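Top to bottom, those sequences are chains A and B. Heads up: the first sequence begins at 0 in numbering that gives the first Met the number 0, then just goes up one per residue. Heads up: the second sequence begins at 0 in numbering that gives the first Met the number 0, then just goes up one per residue.
It should be emphasised that the hints constitute simulated quantities derived from the structure, not laboratory data. It is possible that some hints are incorrect.
As the list claims (entries may be wrong) - No more than 25 Å apart at the CA atoms, straight line, and that leaves these computed lysine to any residue pairs for SDA-like:
#	chain 1	residue 1	chain 2	residue 2
1	A	K383	B	K241
2	B	K241	A	M415
3	A	K383	A	E45
Bear in mind that the values here come from a model prediction, so they are computed numbers and not experimental data.
There are 2 protein chains.
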Amino acid sequence: MITGVVPDRVLFLMLDGLGDRPSRELGLMTPLQAARKVALDLIASEGMTGLLDPYAPGVPVGSDTGHLSILGYDPKVYYTGRGPLEALGAGIDLKPGDVAFRVNMATVDDDWNLLDRRAGRISTGEARELARAVAELAERFDSTLSFEFHSTVEHRGVLVIRGEKASSSVTDVDPHREGVRVQMPRPTDGSESARVTAQELTRFLLRAKEVLDRHPLNVARRQRGLNPANALLPRGAGVMPKLPSLRERYGVRSVVIAGGALYRGVCRAAGMDVRLVPTATGTLNTDLRAKFEAAVESLRSYELVFLHIKGTDTASHDLNPSAKRDFIERIDRELHRHLDSILSGSVICVTGDHTTSSLDGRHHGDPVPLAVAGEGVRRDDVAKFDELSCSRGSVGRVRGLDLMNVLMDLIGRVEMYGE
Amino acid sequence: MITGVVPDRVLFLMLDGLGDRPSRELGLMTPLQAARKVALDLIASEGMTGLLDPYAPGVPVGSDTGHLSILGYDPKVYYTGRGPLEALGAGIDLKPGDVAFRVNMATVDDDWNLLDRRAGRISTGEARELARAVAELAERFDSTLSFEFHSTVEHRGVLVIRGEKASSSVTDVDPHREGVRVQMPRPTDGSESARVTAQELTRFLLRAKEVLDRHPLNVARRQRGLNPANALLPRGAGVMPKLPSLRERYGVRSVVIAGGALYRGVCRAAGMDVRLVPTATGTLNTDLRAKFEAAVESLRSYELVFLHIKGTDTASHDLNPSAKRDFIERIDRELHRHLDSILSGSVICVTGDHTTSSLDGRHHGDPVPLAVAGEGVRRDDVAKFDELSCSRGSVGRVRGLDLMNVLMDLIGRVEMYGE
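Given the sequences, and given the hints that come with them, work out the whole structure.
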């Protein structure tokens, strides 16, 4: 099945939240153990397997820190909060130094008591219309800082602050729970820029509430008995970091295919191109066929194709190990259609960015299975791709930060250290 | 086979470039997997096995950085370029602060255009005679710095610069390819010592060309239509670092047996004695029998004997996995003659300094197999010494920097940390 062509490119199949814990629903197996899968097991049996600690044993990581780490960027150095990654994922062009926040469009009363963090689960379309009004405000807002706001999915959005005095050293405005009074941002250090940012952001949020309160769309929502989206609640301030790109590090052209904004954001920060698949939704109903086809096609022009699939994580968050098993089987069928073609000239790597337990719906620090196959890749005698089988593999247990070196070295892209 | 005597010494058998990738030529096995071997498998089956990352997963190391790391010296701290290691290996007595270069004796025209980086593959004997003339020049050369030149093998040599103003912050003179004009050294920082070194080295190289151009041996080579070795091309400047010796670290007497100058150099930097085996060539035709006899004999007077064998690496660089397999079988036969005697009182460790792939002839970051046996060493159920079998061993996957502690602790030479 592996064809003798020395591989010069890598398909990285990232199954979000892939690792799991055994559940009684699946007879004390994990979803991966319970799934009937042909392609994933073939990769395990023709290649090398192991366990991956996305960051460190027992440390649950977010999708952001997990992805940074697995792409080879130490989150201790490069993770500056989720805001910048979310903003990048939303297609906003961030420069190093820009400050970005995640934002909820929420419902507050006249005294800023938080009534609904999700503004009656407002639709993406309505949120976008309201966001346009905020964007107009931002445009004419008189300040030493400049503001940019975009809504993303439903009540979610991102706010970017630029300027010499922009700082991420301000408190979250979002109190993270309803029924309490929203506090305007306060500086968290003694710098002039933190003081200015807190002050100007407060002015901006107060003005935005005026604009949103009287927006016809919110007036209509009130009339229909729906919560208006009349306040912006920023959180997770972070300064856009400067990541050395994968091209600088390994001399490769790389591309990401992902439904979720965050994953595109992390990958863009690493200098990857983004290939959009319009029918990729970033959830269980995504168009797996179109995503795999785009990935295989991308292997023609890129040395690294990063294909991200989110549904595995979603099923765990829904406490549904059977749905996760079924989704893995769907992935396996789509992958199987292309496996021969992928292995002619490419290395394939399959793993996850963290464990999400279907028992409690939370991220956990259990390692995730890893399988890598391709011409020239060592073959161990593990023949199944799951958390337990891979623990007996020849790779042993490695850390996320080392994985990109391992993969790039398989295609001869890691510079020798010494002579 | 292991005799009950508590071991107090270690034989470290270092097989250069031992790790490999599976090749079709060997039925998708690595040379180690394909080799019929008795002694190496006995060591695996009577001892503990694992995988060793010479430096870090996926990072290809040179023989220099790989050896430093495996001897317990972090290359990030102690690696200052190959020049000093090469000079040490050539038997030059370097003191911390001395600056050393690797040198090619090459052919240039009157305008210093590089015609032949290897001077018509000049023999070691002829090169040595020319080197004597350069050494005489060095002796009478009037400068604030002092110069020392030695030829080593064929066109290769080393140049050492000493003095208060000696600096390694100068550019390579060797342009690394033929057909271009050689540039004299330039300082790479703003220091006075870099300026002086560049200036004095330039003067020395110009004078050396005059001496070499008119040397009778080169005159004769020209008459025979051969390229004269009329220029010295230094590269890889490095300052000799101060390594704490193995004796300081572990209180052991140690000795190296190696055909290649570089390996002797690294080991001398670690304070090891050098035992010369005149018939050791550092390549596939080396005198394995004499090397093993010298190693076993050295165990009488040293607590650590480091036996380096290069041919495994050479075969991989030649893209010849079958030759590598055959050479491993030869090593195994010679080792087998002494194994009983070694294991009476010694611990034996076998591993490599890096993976060299017989598919592309390059160093790679795949881990290398490791086996350690001797009285008191834990025994796992791995019975074969190769990349895959050892991956199931009880040692797991460890890093080069930790290995020397593991070995020295087996003979009770590592000081307790804490009380």
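Structure-based check of all given hints:
About 50 Å separates the Cα atoms of A:K383 and B:K241, which puts this hinted pair outside 25 Å; it is violated. With a CA separation close to 24 Å, the supplied pair B:K241 and A:M415 stays within the 25 Å bound. Using a Cα cut-off of 25 Å, the hinted pair A:K383 and A:E45 holds, with the two alpha carbons roughly 10 Å apart.
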